[in-house]
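Visitor: The primary structure of each chain is shown beneath.
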Amino acid sequence: MEIISTLTMIFLTASAVLLLFHRYDHPAMPAYIIAGVIVGGITGLEPFITQELLNGGISEITLAEEQLLSLAQLGIAFLVFTFGLKFDPKRLKQEASTSLDTTTVQVFIVGVLAYFAGTTLGFTSIESAVFSTATALSSSLVGLQLADREIQNELLHGRISESIHLIQDLIGLTLITVLFATSASNAFYSLGAGTLVMILALLLREYGFDFVAREADFSTELMMLAGLTSLIGMIGLTTYLELPMVIGSFAAGLTAAKFPHNMELLDTLGSLKDFFSAIFFVALGALISVPTLEVLLAASILLVLTSIIKPVITYRTLRFQGLDPRTSMLSALSLDQVSEIALIIVIQAFLANIISDLLFQSVIIAGTFSMLLSSYTKRHEERIYQKLRPEKEVEERISLKDHIIVVGYDVQGIRIIDSLIKEDARIAVIENDPEKISAVKERGLEGVYGDIMDIETWQEANYTEAELIISTVPSMKVSKKILELGYPEDKIVRAEEADEASILLDRGAMHVIVPDIASSELLIDHLEGLVHNENYREKLRRKSLLEVREYLESR
Amino acid sequence: MIEVFTADLALIIITATLLAFLARKTGQPTIVAYIATGLILGPGSSLISETEVTQLFSELGLVFLLFLIGLEMELEEIEDILRPVTMIGAIQMALFFGLGAGISVLLGFNMVESLFTGSAVMFSSTALVVKLLTDKDQISDMPGRLDVGILLVQDVAVVVIMALISSGLGNPAEIVFRFFEVLLLISLISTISILLSRKGLSRVLGKVSDNQHTLLIFGLAWAFLFISAAELLNISTEIGAFVAGVGLAQVPYSHEVQERVRPMTDLFMAIFFINFGLSIVPEHLTAYIFEAFILGSILVPVKAIAYFYLIKHQGYGLETSFLGGLNMTQTSEFSLILATLGISTGIIGESLLGFIGLIALITMGASSYLIQYNEKLFEKFRPYIKKIVSENINDLAENSRTGHVVIVGYDELARNTVDELEKFFDQIAVVDRNPENVEELRGLDHEYIYGDIRHGEVKKSASIDKADIVISFVPKFNLNKQILRMCSEESTRIVKAENFEEASELYEMDAHYVIVKNMLSGDRLGEQLKVYLEDRELFHQEVTEEKKKIEWRSRTWK
Numbered sequence: 001m002e003i004i005s006t007l008t009m010i011f012l013t014a015s016a017v018l019l020l021f022h023r024y025d026h027p028a029m030p031a032y033i034i035a036g037v038i039v040g041g042i043t044g045l046e047p048f049i050t051q052e053l054l055n056g057g058i059s060e061i062t063l064a065e066e067q068l069l070s071l072a073q074l075g076i077a078f079l080v081f082t083f084g085l086k087f088d089p090k091r092l093k094q095e096a097s098t099s100l101d102t103t104t105v106q107v108f109i110v111g112v113l114a115y116f117a118g119t120t121l122g123f124t125s126i127e128s129a130v131f132s133t134a135t136a137l138s139s140s141l142v143g144l145q146l147a148d149r150e151i152q153n154e155l156l157h158g159r160i161s162e163s164i165h166l167i168q169d170l171i172g173l174t175l176i177t178v179l180f181a182t183s184a185s186n187a188f189y190s191l192g193a194g195t196l197v198m199i200l201a202l203l204l205r206e207y208g209f210d211f212v213a214r215e216a217d218f219s220t221e222l223m224m225l226a227g228l229t230s231l232i233g234m235i236g237l238t239t240y241l242e243l244p245m246v247i248g249s250f251a252a253g254l255t256a257a258k259f260p261h262n263m264e265l266l267d268t269l270g271s272l273k274d275f276f277s278a279i280f281f282v283a284l285g286a287l288i289s290v291p292t293l294e295v296l297l298a299a300s301i302l303l304v305l306t307s308i309i310k311p312v313i314t315y316r317t318l319r320f321q322g323l324d325p326r327t328s329m330l331s332a333l334s335l336d337q338v339s340e341i342a343l344i345i346v347i348q349a350f351l352a353n354i355i356s357d358l359l360f361q362s363v364i365i366a367g368t369f370s371m372l373l374s375s376y377t378k379r380h381e382e383r384i385y386q387k388l389r390p391e392k393e394v395e396e397r398i399s400l401k402d403h404i405i406v407v408g409y410d411v412q413g414i415r416i417i418d419s420l421i422k423e424d425a426r427i428a429v430i431e432n433d434p435e436k437i438s439a440v441k442e443r444g445l446e447g448v449y450g451d452i453m454d455i456e457t458w459q460e461a462n463y464t465e466a467e468l469i470i471s472t473v474p475s476m477k478v479s480k481k482i483l484e485l486g487y488p489e490d491k492i493v494r495a496e497e498a499d500e501a502s503i504l505l506d507r508g509a510m511h512v513i514v515p516d517i518a519s520s521e522l523l524i525d526h527l528e529g530l531v532h533n534e535n536y537r538e539k540l541r542r543k544s545l546l547e548v549r550e551y552l553e554s555r
Numbered sequence: 001m002i003e004v005f006t007a008d009l010a011l012i013i014i015t016a017t018l019l020a021f022l023a024r025k026t027g028q029p030t031i032v033a034y035i036a037t038g039l040i041l042g043p044g045s046s047l048i049s050e051t052e053v054t055q056l057f058s059e060l061g062l063v064f065l066l067f068l069i070g071l072e073m074e075l076e077e078i079e080d081i082l083r084p085v086t087m088i089g090a091i092q093m094a095l096f097f098g099l100g101a102g103i104s105v106l107l108g109f110n111m112v113e114s115l116f117t118g119s120a121v122m123f124s125s126t127a128l129v130v131k132l133l134t135d136k137d138q139i140s141d142m143p144g145r146l147d148v149g150i151l152l153v154q155d156v157a158v159v160v161i162m163a164l165i166s167s168g169l170g171n172p173a174e175i176v177f178r179f180f181e182v183l184l185l186i187s188l189i190s191t192i193s194i195l196l197s198r199k200g201l202s203r204v205l206g207k208v209s210d211n212q213h214t215l216l217i218f219g220l221a222w223a224f225l226f227i228s229a230a231e232l233l234n235i236s237t238e239i240g241a242f243v244a245g246v247g248l249a250q251v252p253y254s255h256e257v258q259e260r261v262r263p264m265t266d267l268f269m270a271i272f273f274i275n276f277g278l279s280i281v282p283e284h285l286t287a288y289i290f291e292a293f294i295l296g297s298i299l300v301p302v303k304a305i306a307y308f309y310l311i312k313h314q315g316y317g318l319e320t321s322f323l324g325g326l327n328m329t330q331t332s333e334f335s336l337i338l339a340t341l342g343i344s345t346g347i348i349g350e351s352l353l354g355f356i357g358l359i360a361l362i363t364m365g366a367s368s369y370l371i372q373y374n375e376k377l378f379e380k381f382r383p384y385i386k387k388i389v390s391e392n393i394n395d396l397a398e399n400s401r402t403g404h405v406v407i408v409g410y411d412e413l414a415r416n417t418v419d420e421l422e423k424f425f426d427q428i429a430v431v432d433r434n435p436e437n438v439e440e441l442r443g444l445d446h447e448y449i450y451g452d453i454r455h456g457e458v459k460k461s462a463s464i465d466k467a468d469i470v471i472s473f474v475p476k477f478n479l480n481k482q483i484l485r486m487c488s489e490e491s492t493r494i495v496k497a498e499n500f501e502e503a504s505e506l507y508e509m510d511a512h513y514v515i516v517k518n519m520l521s522g523d524r525l526g527e528q529l530k531v532y533l534e535d536r537e538l539f540h541q542e543v544t545e546e547k548k549k550i551e552w553r554s555r556t557w558k
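These protein sequence lines map, in sequence, to chains A and B.
Take 1 as the starting number for the first sequence in the working numbering and just add one per residue.
Take 1 as the starting number for the second sequence in the working numbering and just add one per residue.
Watch out, some of these pointers could steer you wrong.
Under the rule of at most 30 Å between Cα atoms (straight-line distance), these lysine-lysine pairs were calculated in the DSSO-like manner [unchecked claim]:
hint : chain 1 : residue 1 : chain 2 : residue 2
1    : A       : LYS480    : B       : LYS547
2    : A       : LYS481    : B       : LYS517
3    : B       : LYS530    : A       : LYS401
4    : B       : LYS517    : A       : LYS258
5    : A       : LYS258    : B       : LYS548
6    : A       : LYS477    : B       : LYS25
7    : A       : LYS258    : B       : LYS25
8    : A       : LYS480    : B       : LYS136
9    : A       : LYS481    : B       : LYS25
10   : B       : LYS136    : A       : LYS258
11   : A       : LYS86     : B       : LYS476
12   : A       : LYS436    : B       : LYS476
Residues from chain A shown here face chain B by an in silico Cβ test under 8 Å; the list is partial [unchecked claim]:
hint : residue
13   : PHE11
14   : GLU215
15   : LEU225
16   : ASP274
17   : ALA278
18   : ILE288
19   : ASP418
20   : SER419
21   : ALA498
22   : ALA501
23   : VAL514
24   : ASP516
25   : GLU521
Here are the in silico distance ranges between beta carbons for each label pair [what the hints assert, rightly or not]:
hint : chain 1 : residue 1 : chain 2 : residue 2 : range
26   : A       : ASP357    : B       : ASN234    : 37 to 45 Å
27   : A       : TYR189    : B       : TYR373    : 51 to 59 Å
28   : B       : GLU505    : A       : HIS380    : 37 to 45 Å
29   : B       : LYS548    : A       : PHE108    : 54 to 62 Å
30   : B       : THR340    : A       : THR119    : 54 to 62 Å
Bear in mind the hints are in silico, worked out from the structure with no lab data behind them.
By construction, the Cβ of each residue, glycine as well, lies at the ideal position given by its N, Cα and C atoms.
Construct the entire structure; sequences and hints are all you get.
Guide: Structure follows, in structure tokens:
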């Protein structure tokens, strides 16, 4: 099989580049594209996209190249399918109004700027539209991958990035539908048809999928088949309706986007997606040739728009909505790349002859660089923030003395505060989430809204006269910062792992909450009870169940 | 533009899905559904023939399957069955070759055709047996291991025969030379694979082991390397994949790679069987229906019986021998490949392909059901067998245990808890699938099972359904729901949740206690703070214990 040698080259090169990148913690996508450039350079794979192929003529590509293209197309289908699968409207809701406003403004401004830049560069209107799409939308795959820990730890800027990314995915899909319509009236038809397809998907999700899952009876094989049927069915539907294939893929993912089934499907189809999408991105890279001056110009403009102007606008908008500088900047920085949806748009547009080779090349090149840059800015985000942040106005100090400062009003923080209140302690809460600060104030407690890394926040909380600081923030950076404060002597901070805790203890923490260690003490107590006492089990269950319910109701 | 998503492909997938669901509902093996899909859409209605995509996938399917099998071959584990399976494999092949050829002569075929048929039917189907046994969670039981071993011996033989046929049947000296050449090359790349993996691969994989995605790509790169090498050396790609798998199996991270490759293999194999059905040409089928049925109906029981005696002769028990034999009654998909090869080199005619293909269909169909109900059949036949043969060995050591604790997942919380648990329980089994914990867990006293609790073999090994206490430290909602379903009524069930909504639902599903990530530690600190506010000295005393634990943990953990 000739395809074997092609695949071997692809995976070996990809692995080599990935290994190199791994040291710098770069995301996988640019690695594949670069691997593709290498592969393309070695084998001259690139020329197989010839003009004849574009004009629908009989091409002379080999069987291997044909098979490769098929695999790459499957890559697109599976990639967008997983977008649909992960699309959870609930996560969208969490910072909905903030994100929606921000995204609208940012996409609009950046989009318009880019459009004009495009026309200045000599692109047609469609090309400029594609150009501005590439700048305005940010990459879910890369952006979310980089933000994983934050989202996991429920930090505010993580949630904001996530919902902005999701909204942008939707915008991207809409744009794809419109761009591939052949005329204005057709655009309306396409939008309408596309919306109907999405509604169909949502209906199937509500009413169809549970039935299917039950019939599958936990067989991963059957679930996978069901997922594939959905994929191919939806793609068939959209092809019939003359809509772009990616709409079908996304809709297919949407039909199964019900938790927990989507996780099962992700587990099984995930490997398929990895396999095919790797091939896709490598193929993309293989299509890049040595850039001309014009390509470099266009790419640089795109890069500037994406990596500098877009974050700046996002930052300003978030600040305008009342968020603190740090959250705003960290959120903005997580959005400074080109979206892989843009890459998909670009290759499909290129193959459909809607855009020129020039635009195609510049988007891919700029896209790759923006992703690399993005991981760099992520790793150094704190430093960047420190360099760029504005001066903070000093607010009035709170009037508490000998108080306990609690940092973070989350699950842990709330329970700690509950206990402290019972002991009549004086409490001040520092938080950077405006909603939580309102909740704090509603409870009648002193709340300080600000960035923990700013000394002004601590001054406002009158830290020099406090008795104790307790931090529930799961970030080493934050814990270290707190320990650097001169006062008070007693500080309790948080770490996720024992070795981090040990470091913090060395730096002067009076005590470190390692949730897993602390919890285990209690858990062991419970287990002892379970072993020695017959009724303990039922009592424990009832008590815990009630606690959980109470907590849910009080929210 | 290259059309991947053709109507043909859609039809194939939709039909396959419907039939597979139907098969599941009526208790049939899904392989039958796939072959049926191919038959219905192909010869049945001449709707479609193999598409390019299906061709590609089914070729990849066999390759990936052998990679996966190779991944399971941890050398220490196969050492004990190496001798028996080689003996059984060799004898069995000679036996069925003779049987197949002999009956063909009796049925009226000429010498060349009969010899060819003999060599085609002497194999059993790796794809079918591995798939069905894995589905039934019997792949790691003794019969399963023996069968896989025998199948691998056969695979080596297939390679050799294919090499012989494709280089044309010249004079005997050439054949012998080629035979040894192939054998040598296989040993050569196997050694390279194992050496390379021991020296370089484990370090490389270690660096990327935390990223599932990258691990898969690396695994695939490794596999393709050997696949290409095999192609260059003119040995079959499947053997290359197998050798790659074996090399990788010696490295701890092989399990992760296995897990990632498995779904791909499932899909490709499904298409393989569909393709198998599609590739049957109707006219060829009808040429020798009668003869095929005769040979087929003889082969199935004779294979079962022969294997039974062969395995038993090597010293295994009744149940192992019976099951081991029953699983192997079919002929292999390789018979079709051999036949195709034979046609292209002019040794046999096209109608013989139909004959061999029909035998494959018949025996595969029949054996799918035999495998599906293998244990029940054993129960039925046991009294009769006992009368004929004496039983003196029971080697299916049932991993039965009761009164024990099963722990799923091994995080920091688990680490601390397990230590204490040892004071109250002797039998603790830890099930964990994180490769980073492998070394630590292997070094501890209690039982350690590497894998995903949802996988059949792991589930069985841990006997989770007979456990007294089950604790899941993995905060994955879906997983914990499944775990709760696996537990018995009387067991004590403790699981972990990310948030209160999940906790509430898990309580609904009869969890006894749900660890909500930050709730416990917040409670604990709350208690400690009470002490802090009242008696500073006492607080420091209490906290010192915990701090000591932290220090100890941080030192031992790295």
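Visitor: Of the hints stated earlier, which fail here?
Guide: 5, 6, 8, 9, 18
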